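Dock the two chains into a complex; use the hints.
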Amino acid sequence: MLEPISVSMESLNLGTLAPMLVAIAGGLGILIIDLIKKDLDKTLYVMLSILILVVDLGAVFGQRIGDRGFFDVMLIDGIAVLSQIVILAASMLFIPLALTSRRFHEFSYPEFFALFLFMVAGFQFMVASDNLILIFVGLETASLALYTLIALHNRERSFEAAIKYFVMGALAAGFYVMGAMIFYALTGSVELYKIAEVLKAGDFANMTILLVGVSFMIAALGFKLSMVPFHTWTPDVYEGASATLAGYMSVVPKIAGFVVAMRIFGFLIQSDVVWVRDVLYAAVVITMTLANIMALVQHDVKRMLAFSSISHAGFVMAAIMIGTTQANSALFLYWIMFLFTNLGAFAMLWVSRHKDKVWHDRFDHPYEKFSGMIQIKPVGAVIMALFMLSLAGVPPFSLFWGKLYVMSAAVNSDYIVLALIMAINSAISVYYYLKLIVYMFLKDPTQNEGTIYEQNTSKPLQTIIGFSAFMTVFAVVAVEPILEIITTYVQASGF
Amino acid sequence: MDHILSVLVFFPAIAGLLGFVVSKESIRAYGLSVAAIEFLLSLWLWFSFDGSYPGFQFVEVLPLIPSFGINYYLGVDGISLFIVVLSTFITLVGMIALSVEKDLKNMIISLLFLEMTMVGVFVSLDAIVFYVFWELSLVPMLYIIGAWGGNLRIYAAIKFFLYTFAGSLIMLVGMLVMAYLYHEATGVWSFSITEWHRLILPENYQIWLFIAFFIGLAIKVPMFPFHTWLPYAHGQAPTIGSVILAAVLLKMGTYGLVRLPLPMFPDASVYMIFPVAILSLIMIIYTAMVAYAQEDMKQVIAYSSISHMGVIVLGTFAMNPEGITGSVFFMLSHGIVSGALFMLVGVIYDRRHTKLMSEFGGLAHVMPRYGTIMGIMVMASVGLPLTMSFVGEFLSLAGFYQVSHTMTILAGTSIILGAVYMLSLYKKSFFGEVTKEENKNLKDLDGKESMALWTLVLVTVWLGVYPKPVLEPINTSVESLVSFMHKKAITKEAKEVIKPKVIEREAE
Chain G
1 MLEPISVSME SLNLGTLAPM LVAIAGGLGI LIIDLIKKDL DKTLYVMLSI LILVVDLGAV
61 FGQRIGDRGF FDVMLIDGIA VLSQIVILAA SMLFIPLALT SRRFHEFSYP EFFALFLFMV
121 AGFQFMVASD NLILIFVGLE TASLALYTLI ALHNRERSFE AAIKYFVMGA LAAGFYVMGA
181 MIFYALTGSV ELYKIAEVLK AGDFANMTIL LVGVSFMIAA LGFKLSMVPF HTWTPDVYEG
241 ASATLAGYMS VVPKIAGFVV AMRIFGFLIQ SDVVWVRDVL YAAVVITMTL ANIMALVQHD
301 VKRMLAFSSI SHAGFVMAAI MIGTTQANSA LFLYWIMFLF TNLGAFAMLW VSRHKDKVWH
361 DRFDHPYEKF SGMIQIKPVG AVIMALFMLS LAGVPPFSLF WGKLYVMSAA VNSDYIVLAL
421 IMAINSAISV YYYLKLIVYM FLKDPTQNEG TIYEQNTSKP LQTIIGFSAF MTVFAVVAVE
481 PILEIITTYV QASGF
Chain R
1001 MDHILSVLVF FPAIAGLLGF VVSKESIRAY GLSVAAIEFL LSLWLWFSFD GSYPGFQFVE
1061 VLPLIPSFGI NYYLGVDGIS LFIVVLSTFI TLVGMIALSV EKDLKNMIIS LLFLEMTMVG
1121 VFVSLDAIVF YVFWELSLVP MLYIIGAWGG NLRIYAAIKF FLYTFAGSLI MLVGMLVMAY
1181 LYHEATGVWS FSITEWHRLI LPENYQIWLF IAFFIGLAIK VPMFPFHTWL PYAHGQAPTI
1241 GSVILAAVLL KMGTYGLVRL PLPMFPDASV YMIFPVAILS LIMIIYTAMV AYAQEDMKQV
1301 IAYSSISHMG VIVLGTFAMN PEGITGSVFF MLSHGIVSGA LFMLVGVIYD RRHTKLMSEF
1361 GGLAHVMPRY GTIMGIMVMA SVGLPLTMSF VGEFLSLAGF YQVSHTMTIL AGTSIILGAV
1421 YMLSLYKKSF FGEVTKEENK NLKDLDGKES MALWTLVLVT VWLGVYPKPV LEPINTSVES
1481 LVSFMHKKAI TKEAKEVIKP KVIEREAE
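Line by line, the protein sequences are chains G and R.
At position 129 of the first sequence the residue is numbered 129 (our numbering), and the sequence of numbers has no breaks.
So our numbering is basically just the index in the second sequence, starting at one, shifted up by 1000.
Keep in mind that the hints were calculated from the coordinates and are not lab data.
This one's a predicted model, so the numbers in the text were calculated from it and none came from an experiment.
Nothing false has been slipped in among the hints.
With a straight-line Cα cutoff of 20 Å, these simulated EDC-like cross-link-like pairs (lysine to aspartate or glutamate) come out:
id : chain 1 : residue 1 : chain 2 : residue 2
1  : G       : 164       : G       : 236
2  : R       : 1488      : R       : 1184
3  : G       : 443       : R       : 1101
4  : R       : 1428      : R       : 1296
5  : R       : 1428      : R       : 1359
6  : G       : 443       : R       : 1103
7  : G       : 443       : G       : 368
8  : R       : 1105      : G       : 444
9  : R       : 1448      : R       : 1101
10 : R       : 1427      : R       : 1296
11 : R       : 1102      : G       : 444
12 : R       : 1443      : R       : 1350
Same shape as in the complex, but just chain R (with noise of 0.2 Å):
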C-alpha cells in the first residue's frame, strides 16, 4: 500500500465529517471503531515499516503549488513513524475511556479532526504542510478545552491558542526565510523539509534561524519562560483533552526540534545548547518544586510534564545518538505515562467533582483497583527501572553526560524532584485512613476505565522490560541524522560535540 500515510491522515478526517450524519446515541460506537481502525492502520504500518532503514519510508509527493515549491510531501522514519502509533494509540484509549455526556457527537468529530492533525504533523515532511497541520491542531484542542473544560475554560482555551499561534507566526516567517535562501542558493523555491536539511548555511543566518523556528517550537513544549499556558489548559481541560494535550500535542514541539532546527542548523544548535540547556534545567528543577506546592492533582502532574518535557529537550540537544534516541523514546514513554496519569485524575475527578488532595486519602482502601494502577503509574513517572520512562530518562540524561557533567547531574535532580512530588501526591491520596465521609462508597474503576488504563499499564512495562523493537528503529533513525549533522557542521566546535559514532563501536 504506497499510501498508506494519506489514508493514516485523512481517514479520521473523513470519517469525522460522515460522523455528523451519526445518529447520537450511536456515535460512542462510531468513533470507538474509528479509532480502532484508525489504530490497527497505524499498527500495519509499524509492521510493514523496514526497520533497518535509516531514511524515509513510504514517502508521497503531489505538487500543491509548485511554482512556489509547496508540495504534498509525506514520509516517516524511525523517529516519527512512533508518534505516529502513539497518537492514534492514545486517541483509542483515550476514546475508550471517553466520560463526556455533554454534546457527545460534538466531541467525537473533534477528536477525530484532531487526530488528522496530529497524525498530519508527524507524517509532513513538508514545511508547509507540517504548519498547517500544526496550526490546525489548534481548532479542535480549542473547542474541546473552551466547550468542556472548568470554570476558566475560555480564558484558558484562548491563551492556549493565541501562545502557539503567535510563536508559531514566527516560525513561519523563519520558514519563508529558509525558503528564500533555498532559493538564492538553488534557484528553486521548495519548502521541502528534506531538502532544506542539505542547503548548508553560514553560522549567523544559523542562529538567527534557529531562534525563529526555537520560539515557535518551544512555546508548543513548553519551554521556560513560555510555560504558562499549560497549566491554565491542563487545569481547565476536560480528561480527554489533557490526556491527548499531554501525551501528543506537547510532542509536536519536541519532535520539531529533532526534525527541523538541529539538522537544519547543526551549529547554531551547537552553538546554543548552553542556553537551550539553562532553559530546560529551569524547567526541570523549577517546575518540579511548582509541582510539589499544587494542592490540586492534576496540576501536580500538569507540572510534573513540563519537568519531564525540561529533560526530552536535554536529551535532544545532547547532540548523540544516545541522548536523540532517549529523548524520542521518553516522548513514547512520557505520552504514555502521562496520559494514563491524567486519564486516572479523570476518573476521581468524575466521581468527585474535585481534584484536592486535601480532599482525598485513604483511596487505596475504597478503589484498590484504582490505587494499583494509579501506584503504578506513579512509579512509571518518578521513572522507575522497568518501566517504560526509566529507559528513556536514563538514555536521554547519559546522552547529555557526555555534553556536560554538571548539569547532568543538577538534571538528574528531576528523579529526585519526580519522586518527592509524586509520592507525596500518592500518599496524600491514597493512603492513611478515609477521612471524608463522601470518599467511603466511591465506586471502583468500571469495565471500559479498567479496560484503557490496564492497556496503557501493559504497554509502560513491555516496553520498560523490552524497548528493543521500538529502539531499535529509532536509533537506526537516529544514527543516521547524527552523523548527517557531523558532517554538515562548518565549525570546528560543531564537529566535536556532534557525536556520530557510539562508544561501543569505537572500541571495535
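In isolation and in its complexed conformation, chain G is listed as follows (with noise of 0.2 Å):
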C-alpha cells in the first residue's frame, strides 16, 4: 500500500510553466476555433500566433530568475530566460512569412499553427530545465511537430525531407536516452546538476563509462546542432522545406541545443575532463572546415545556405568549447546577430519561390536565377547582397560583430590558434557568398522578367525583409545594449 502523496501547490510553482503552458493553450485554442467555424483565413491564424507568443514573452518576462518549480525539474536561470526570449522573438519574425500573395496550401491550414505554437513550448521546455528526461520530452515535442511542419509542404521533396530528419532525430533520440541512461546509471540521477555533484565528489572514478556516456551526448547533440559527421540529413532537408522554415530551423531549434549542449558540456568542460575540450575542438574545426568546403561546390542558394549555417554551428559551438562567460555572451550575440541576417536571406528566397521548377530541373533557387538581378530588381539585389556579406562577416554588417566577439573570447581563453582557423574559415566562406554577389552584380540577366524575384511578396513579407535589412546594417547600434542584457543574463546563471 502506498502512502498518499501530498503536494502543496505552492512548491509546484506553476509560474515557471507559465509560458509554455500559454503556447500550448494558444496552440489548442486555434484548433478549437477551427473546430467552431472551419476555412478562416490564414492572416487571423498568423495574428492569433503573433499574440499568442506575445503573451508567452510577457510570461517569460514575468519569470524569477534562481527559481526552480514543478518538482525541481524547471530551472528558470538567465540563460533559460534569454534563450526563451530568442526562441520568441524569432519565432514571431518568421510566423509572418506565411502571408505570402501566393498561396501554399499548408498555411490554410490551422493545424500549421497549433502545431507552430506547440513546437515553440517543446523548444521552451528543452532550454528551460536541467533534467535530463525533460529535455528529452522538449526535444522530441518540438521535434515531431517540425517534422509534421515540413511534410506539410507537400512536395514529393518535403515528403523526403521530413522522412530524413525524423529517421536522424529517432537515432539522435536513440543516442540521447542511452547517454542520459548512462549518467543516470552512473550517479543515479537525471538533474545535471546533482549528477555534477556526484560526479566531482566520486572523483570521476568511471571515467571509461563516464566517457562512452559523453560520446552518445555528443552525438545526439551533434545531431541536433548538424555538426559534422552528423549534419548529412541539413542541406536535403533545408531543400525539401519550405524557406521559411528553413530559415526557420537554422535559427531556432539550434539555439535551444546550444543551451542544452552548454548545460552538458558545460559542467564537464569545467571540471578536468580534457578529452571532452579535445573532442569538442576537433568537432567545431571540422564542422566548420568541411561545411564551408562542402558549401563552395553547391549549385543551389539553399543547398549553400544550409551549409553555411552548418559552417556557423560549427563557429559558435567553439564558443561553449571555450566555456568563459565572454564566450557563453558571444555565443547568444552572435546568433541574434544570425537570426536578422539568416531570416533576412530566407525570406529573400521565400519572396521568389516559384510553384515550378522553371531554371532547373531539380533546384529551386539556382545561382543562375539570380543571374543580373541587380539589373531588374536594384533594390533586391542591393539588400540580398547585404545579407551575404552578412553572412561572409565584412563588417560594419551584423554578423561581424558576432564574429569579432566569439574570436576575441577565443583569444581571451589562449585559444589563437582557434582564431585563427575560425578567420581562415571566414575566409573560405567568402567565396561562395560572394558567386551569389557575382551572379547578382557580375553578370548578365537571361530573362526580363521583374516579378520572378518577387513572386510572393507582399507587405508583411516586405516589412520582414525591410526590418533584418535595417538590422544588419545598423546592427553596431544595437551591439552594445544587446551584449549588456546578454552578459547579465549569462552571469546571473553562472555560466
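Here it is in C-alpha cells:
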C-alpha cells in the first residue's frame, strides 16, 4: 500500500511553467476555433499566433531568475530566460512569412499554426530545464511538430525531407536516451546539477563509462546541431522544406540545442575532463571547415545556405568549447545577429519561390536564377547582397560583430590558433557568398521579367525583409545594449 | 567646424544613397558636384589644419560599444591629411575623366561609396573602425572591377577580394590579441590606436603581432609574393577602377604600415628591417623586369606600380624622419602619377579598344597633346627632378641609405630600370612612323580629358618644384612619430636604428 503523496500548490511553483502553458493553450485554442468555424483566413491564424507568442513573451519576462519549480525539474536561470526570448522573438519574426501573396496550401490549415505553437513550447521546455528527461520530452515534442510542419509543404521532396529528418532525429533520440541512461547509471540522478555533484564527489571515478555516455551525448546533440559528421540530413531537409521553415530551422532549434549543450558540456569542461574539450575542439574545427568546403561546390543557393548554417553552428560551438562568460555571451550575441541576417536571406528566397521549377530540373534557387538581378531589381539585389556580406562577416554588418566577439573570446582564453582557424574559415566562406553576389551584380540577366524575384511578395514580407536589412546594416548600434543584457543574464546563471 | 572629419567621411555615402533618386541623365553632373564639394571640404580641412602641431587634430570620439572598448574615434595628423586630400582629389579627377557609358548611375554611386571608405580608412583612429572601412572598401571595388572590367573581370574581382579579405582577417586576429594584451596591462578594453601606441610589449610578442599585421597590410600594398592579384585587377579593371586602385587603395597598405605596426612594435619593426627590405628589393627589381617584358601598356604601368610601392615600403622601414617623410610623400606622388598614367592608357583604350603596344607607334604625330602629357608623366614616373616623384623617391632612398648602403644602391636601380621600361613604352607607342591604318585618324584629347590630365600635370610639377607646403606638415608629424618610437623602443639595436634627429640638428 503506497503512502498518499501530498503536494502543495506552492511547492509546484506553476509560474515557471506559465510560458509553455500559454503556447500550448494557444495552440489548442486555434484548434478549437477551427472546430467551431471552418475556412477562416490564414491572416487570422498568423496574427493569433503572434499574439499568443507576445503573451508567452510576457510570461517569460514575468519569471524570477533562479526559480525552480514543478518538482524542481524546471530551472529558470539567466540563459533559460534569454534563450526563450530569442526563440520567441525569432518565431514572431518567422511566422508572418506565411502571409505570401501566392497560396501555399499548408498555411490554410489551422493545424499548421497549432503545431507551430506546440513546437515553440517544446523548445521552451528544452531550454528551461536541467532534467535530462524533461529536456528529452521538450526535444521530442518540438521535433515531432517540426517533422510534420516540413511534410505539410506537400511536395515529393518535402516528404523525403520530413522522413529523412524523422529517421535521423529518431536515431539522435536513441543516442540521447543511451547517454542519459549512462549518466543515470553512474550517478543515480537525471538532474544535471546532481550529476555534476556526484561525479565531482567521486572524483570522476568511472572515467571510461562516463566517456561512453559523453560520446552518446555528443552524437545526439551533434545531430540536432548538425555538427559534422552528423550533418548529412541538413542540406536535404533544408532543400525540401519551404524557405520559411528552413530559415527557422537554421536559427531556433539550434539555439535550443546550444543551451542544452551548454548545460551538459558546461560542467564537464569546467571540471578536468580534458577529453571532452579536445573532442569538441576537433568537432568544431571539422564542422567549420568541412561545411565551408562543401558549401563551395553547391549549385543551389538554399543548399549553400544550409551548409553555411552548419559552418556557423560550428563557429558558435567553439564558444561552448571555450566556456568562459565572454564566450557564452558571444554565443548569444552571434546567434541574435545571425537571426536577423538569416531571416532576411531566407525571406528573400521565399519571396522569389516559384511553384514550378523554371531554372533547373532539380533546384528551386540555382545561382543562375539570380543572374543579373541588379539590372532587374536593384533594391532586391542590394538587400540580398547585404545579407550575403553580413554572413561572410564583412564589417560593419551584423554578423561581423558576432564573429568579432567570438574570436575575441577565443583569443582571450589563449585559443589563438582557433581564432586563426576561424579567420581562415571566414575567408573561405567569402567565396561562396560572393558567388551569389557575382551572379546578381556581375552577370547579365537571363530573362527580363522582373516579377520572378517577387512572386510571393506582400506587405508583411517586405516589412520583415526591410526590418532584417535595417538590423543587419545598423547592428553596430544594437550591439552594446544587446551585449549588456546578454552578459547580465549569462552571468546570473553562472556560465 | 568640429565635425569636419565625420562630414568628410559620410557626405559621399549620403550623397551616394540620395543618388539612387537622381535621374539617369543627370547623374554625371550630380557625381561631379558631390566629388567637387567633397574635394573643397578636404581643402578646407587642409587650410584649417595646424601644420606645426604634430599630434592628431579635429579629433572626434563617440562611444560605439563602450563595454568592449570600441569607439568611433577619428583624427588626422600630417601623415594622413594629405592622403585624405589625395583621395578626394583623385575621385574628382577620375570622375571628370570618366568615360563609362554602361550603367553610369551604378558606377557613380559605387564611386561615392568607395570615397567614403577611402576617407574613412585614413581618418579612423580606432582599430575596429579602421578595419570596418578597410574591408568595406573591397565591396564597391569588387563591383567596379567585376561589372565594367575586361573579359576575365569576374576572376580578377574575386581574386582581388579574396586576397585582401583573407589577409585582413589575419590582421583582425592580431588586433584582437592586441586588445587582449591591452586589457591585461590596463584592465580596460580599448581598440584605440593611439592608446595601443602607448603599450610597451616584450619583443617576442611584438614580432608575432608584427607578422599578423604585416600580412594583412602587405597583401594590400602588395608586397612580393602576395602581389599576384594586382596585375589581374589592373588588367581587367575599367580605367576609373585602376586609377583609384593604384592611386588610393594601395596606399591604404603603406599608410597602415606607418600607422599601425611601426609605432606599435618599434623593436619588432627594427628586427624585421632586413627581411622586409629583401622583400621590397625583390619587389623593386623583379617587378621592374617583369614590367619590361609586358606587351600591354596597362600591365607595364601596373608592374611599375608594384615596383614603386617597393620603394615606399623601403623608405618606411628606414625608421628615420627622412625615410618615412619621403615614403609618405612618395605615396602622394605615386598616387598622382600612376593615376595619371592609368588615365592616359584609358584614353587610348577608349579610342582603339586595345592596350597592346605593338598596335601603336607614332602616336605623337597623331595626338600631339596626348603625347605631351604622356611624355611628362612618363618622366615623372621615372623620377625626373622637378617632378613630384623625384622628391619622394630621393627622400625614401636617402633615408634608407642610413640603414644599408648596398641595399639602397640596389634599390636605386629602380630608377634605371624604370627609365628602361617606361621610355621603351613611350618609344614603341609614340615615336616612329604611324604604322597602323587605324591609328591615323585618332582624335586627340577632348575637353574633359585634357582638364583632368592637365590638373594632374600641374600638381606633379608644382609639388616637384616646391614641395614645402606638403612636406613640412608631414615632416612635423613624422619627426614626432620617430622620436616617439625611439623613446618607446626597448632593445638596444632598435634604439640605435631608430634615429629621431635629423643630421642638420646634430650639427647645431
